[in-house]
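Quick mapping for you: the protein sequence lines, in order, are chains A and B.
The numbering of the first sequence is this note's numbering, which starts it at 194 and goes up by one.
The numbering of the second sequence is this note's numbering, which starts it at -4 and goes up by one.
What the hints contain is simulated information worked out from the structure, not anything from laboratory work.
Treat the hints with care, as some may be off.
[Claimed, not checked] Beta-carbon label-pair distances, calculated as ranges:
hint, chain 1, residue 1, chain 2, residue 2, range
1, B, I39, A, T269, 25 to 33 Å
2, B, T236, A, P434, 46 to 54 Å
3, B, A149, A, V453, 20 to 28 Å
[Stated by the list, open to error] Below are the SDA-like pairs computed for lysine to any residue, each with C-alpha atoms no more than 25 Å apart in a straight line:
hint, chain 1, residue 1, chain 2, residue 2
4, B, K146, B, S156
5, B, K146, A, V468
6, A, K402, B, P83
7, A, K240, A, L452
8, A, K402, B, Y122
9, B, K167, A, L526
10, A, K299, B, L115
11, B, K146, B, Y221
12, B, K146, A, E450
13, B, K167, A, L569
14, A, K417, A, K402
15, A, K299, B, E117
16, A, K417, A, L444
17, A, K402, B, A124
18, B, K266, A, Q202
19, A, K402, B, A86
20, A, K402, B, G90
21, B, K167, A, R201
22, A, K299, B, V110
23, B, K146, A, L526
24, A, K402, A, K240
25, B, K167, A, T476
26, B, K167, A, V468
[Unchecked claim] Here are some, though not all, of the chain A residues that point toward chain B, as calculated from beta-carbon distances under 8 Å:
hint, residue
27, L215
28, A220
29, L526
30, R530
31, Q531
Ideal placement from N, C-alpha and C gives every residue a C-beta, glycine not left out.
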Amino acid sequence: MSSLGGVRQLLRHPLRSVLSILGIAVASAMLLDMVMLSGGIEVSFAKLLLSRGWQVRVSPKGTLPFDTEATMPGATTLLAALRADASVAQAGPVLGTAVYARPSWKPDSLVALFGYGIEPGAQALYEVTAGTDLRRGDQDGVLVGDVVASRLRVQPGDTLVVVGRLDPQLAASGIERRLVVRGVVRWLYDYRGQPSIGTVLPVMQSLAKSRVQDPASVMMVRLKDSVSTADAVARLRAALPAVEVRSVEDLVVNFRERLVYFRQLALILGSVSLVVTVLLIGTLLTITVNERLAEIATLRAIGVQRSSILRQIFLEGMTLVGLGGSIGMVLGLVTARQLDAILTSFPGLPAAFSFFVVRPQEVLIAAAVLFVTGALAGLWPAWLAARAPIAATLRGEAT
Amino acid sequence: MRVLRAAIAAFVFLTGWMPAPLGAQAPIGVALERRLADELRLQIGDTLRLGPSPDSLRALARVEAIYDPAPDPSTVMRDDRRMRMHLPDLAALLGQPDRVDRFGVVLQPGVSDSVAAARLNELAFGYRAYPSAEIAAGSSRTFEVVSRFHKAIAVITIVASAVFLLCIMLLKVEERRLDAAVMRFVGVRRRTIVGALVLEAAAIAVVGAVLGVGFAVIASWVTNAYYQQRFATALIFSRVTFDIVLFGTVLSIVLGVGAGALAAWRLAGTKPMALWSRT
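Looking at chain A on its own, in the form it has when it is part of the complex:
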């Protein structure tokens, strides 16, 4: 009995085989999507945070970076303390605050923007796509993102009027600065459509009318290559008890906790997919074996070995899994893109973030789980076929 017997048996009942393969394909597509979803959130978040190689974030006590509008006063002192640590290669402050701009074509109106105050030489927030970066201590320059550049119709060299904290009692703007657009940048952590601009930290602090307090929303820290992140974080925590020091790994853990729902959903739906696969393969093969008991008994009577029968039924199941699984993997990748497009439209989520990350190991895990499950589902019917009593079966067929 050749190994192709399993395929031939499937061809004897094309409709049921096609339906089974379709069922397994949809179930494996779901399985792949859920495997991708369960690990993709963490991978994508860690990749995003580590995209520029800064391993540590320092934020106000009890908060996550940019999770609230809380700030840390005395940024200069804090920065000096961080830079004095032997494990720190670089540290950069960031202040986030609401600011406004006056469009050149309608100077009496205001456009709400998000302002980053940064130190140009020590930042991991953006990449310059046009023009130049800010110079250190550049009090007259501003960087704009694509959204602001197109909304306010500005490009490098243009002047942008930026308005800081508004004063309702005066019915007027509290502070106003004319800044020259030095460059257009891609903000790495912005959500889609976020209108952000960046200036050096003191300018943004002035716009926020908080120069005296010298605040920062977060400090980004890059450690020296030879330093263990866990050791450095522990030392910084001990040295700076008034602020929150977290490594990217810590932030990923926090993020995982917030998105625990998606991981649990992935686990449940992935399990349901496997149950569907097991039921489909198990039912189909059991019915096939029952239908062919006489044929199997005859084969056994003329000397075909038990292992050969076992192999044929098993291969029939694996053929179903192979065909259904292959279609399912392709289907899964297509549906993952659609599902990712839905989930990444969450408000406030960085545009670079992804829920479904395609990695070879995810596809391999899904395929391996599917094949193992399919093999287990096919074993029982195959064992039933191989153990069929020859004489009793033939006698039953004859009578």
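With chain A fixed as given, assemble chain B onto it according to the hints.
The following block gives chain B in isolation, referenced to the frame of chain A:
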């Protein structure tokens, strides 16, 4: 203000209960969220120290109330702990008097909220007035996304279930080949055989649908119990509504009967000898 309020909540959370020194100024009254009170092991009448930063916990406060916050889906995933105090106390604590995050405004009867908001926005800089409906629409964006995701997953699940049901029904009916052949040999009409098989398929579909609804109710109960405990909230996470039950039942029966009819029609169209010989 929201910033500072969040910071205060965080500091309280992190610093925990601290004994009040003797002879301190009169404590301000605060109300703690139950989870915060439980975590800090605080009861009504206990005192604690508050401050805008961990190194300046200068204000003495007394717990005057412990409250259960209203269930709010927009904050359920956050791990924040909250406390309430009178506005002047908070302003004094922060050293920033006469500042607020937002005002709630009740309009005179008959006044359009959007017209009133537009008028208020023209009055001065420094704030932005929104109709409540606009805020609700903005803050429900997250749930709209989750809802769209659930619908997409539901479509995939329904496709998988439909194929599974078709396959099982086909196999179930094909299992009756021998019975159908015998019935044909003894003169039973094709229509009768098809009718009997479709009836059997319908019965299986109905039983399956009822079991499915029962399973959904149990799964929904488990889901609510787990997440309500997990997030310490009274929010309802899963609801099996009449519409959902109706949709699931009708879909199961239509698919089951459809698949059964298709398979029965194929079976009845096959020659009895062919059925008998199982070719």
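Each hint, compared with the structure:
The hinted range of 25 to 33 Å is not satisfied by I39(B) and T269(A), whose Cβ atoms lie roughly 43 Å apart. Against the hinted window of 46 to 54 Å, the Cβ-Cβ separation of T236(B) and P434(A) comes to about 51 Å, which satisfies the hint. Checked against the hint of 20 to 28 Å, the pair A149(B) and V453(A) passes, with Cβ atoms roughly 21 Å apart. Annotation: proposed proximity of K146(B) to S156(B) holds, straight-line Cα distance about 15 Å (limit 25 Å).
Restraint check for K146(B) and V468(A): the C-alpha separation of about 21 Å stays at or below 25 Å, so the hint holds. Proximity of K402(A) to P83(B) is assessed by CA-CA distance (about 22 Å); at most 25 Å being required, the pair is judged to hold. Restraint check for K240(A) and L452(A): satisfied, since their Cα atoms lie roughly 17 Å apart, inside the 25 Å limit. The hinted pair formed by K402(A) and Y122(B) meets the criterion: a straight-line CA distance of about 16 Å does not exceed 25 Å.
Under the criterion of a C-alpha separation no larger than 25 Å, the hint pairing K167(B) with L526(A) is inconsistent with the structure, at around 33 Å. Only pairs whose Cα atoms come within 25 Å are accepted, and K299(A) paired with L115(B) is accepted, the gap being roughly 21 Å. This hinted pair checks out: K146(B) and Y221(B) have alpha carbons roughly 22 Å apart, not beyond 25 Å. Distance hint between K146(B) and E450(A) is fulfilled; the C-alpha atoms sit about 24 Å from each other, no more than 25 Å.
Distance restraint check for K167(B) and L569(A): the Cα-Cα separation of roughly 22 Å lies within the 25 Å cut-off, and the hinted pair is therefore satisfied. About 35 Å separates the Cα atoms of K417(A) and K402(A), which puts this hinted pair outside 25 Å; it is violated. Among the hinted pairs, K299(A) with E117(B) is consistent with the structure: their alpha-carbon atoms are about 16 Å apart, no more than 25 Å. With a CA separation close to 20 Å, the supplied pair K417(A) and L444(A) stays within the 25 Å bound.
As the CA atoms of K402(A) and A124(B) are separated by approximately 23 Å, the hinted pair is consistent with the 25 Å bound. Of the supplied pair hints, the one linking K266(B) and Q202(A) holds, its CA atoms being roughly 21 Å apart against a limit of 25 Å. Proximity of K402(A) to A86(B) is assessed by CA-CA distance (about 18 Å); at most 25 Å being required, the pair is judged to hold. Distance restraint check for K402(A) and G90(B): the Cα-Cα separation of roughly 15 Å lies within the 25 Å cut-off, and the hinted pair is therefore satisfied.
For a cut-off of 25 Å, the pair hint linking K167(B) to R201(A) stands: about 22 Å separates their Cα positions. Restraint check for K299(A) and V110(B): satisfied, since their Cα atoms lie roughly 23 Å apart, inside the 25 Å limit. The straight-line distance between the Cα atoms of K146(B) and L526(A) is roughly 18 Å, inside the 25 Å bound, and the hint therefore holds. Simply put, K402(A) and K240(A) have alpha-carbon atoms about 35 Å apart, too far for the 25 Å limit, and the pair is violated.
About 10 Å separates the Cα atoms of K167(B) and T476(A), which keeps this hinted pair within 25 Å; it holds. Taking the CA atoms of K167(B) and V468(A), the gap is near 19 Å; set against the 25 Å cutoff, the hint holds. Against a cut-off of 8 Å between C-beta atoms, the interface hint on L215(A) holds, since the closest Cβ of chain B lies about 5 Å away. For A220(A), the interface hint holds, since its Cβ comes within 8 Å of a Cβ in chain B; the closest pair sits about 6 Å apart.
Because the beta carbon of L526(A) sits about 14 Å from the nearest beta carbon in chain B, more than 8 Å, this interface hint is broken. The beta carbon of R530(A) comes no nearer than 11 Å to any beta carbon in chain B, farther than 8 Å, and the hint placing it at the interface is violated. The criterion of a C-beta within 8 Å of any C-beta in chain B is met by Q531(A), whose closest approach is roughly 7 Å, and the hint holds.
Figure legend: structure checked against the earlier numbered hints; hints not met, in rising order: 1, 9, 14, 24, 29 and 30.
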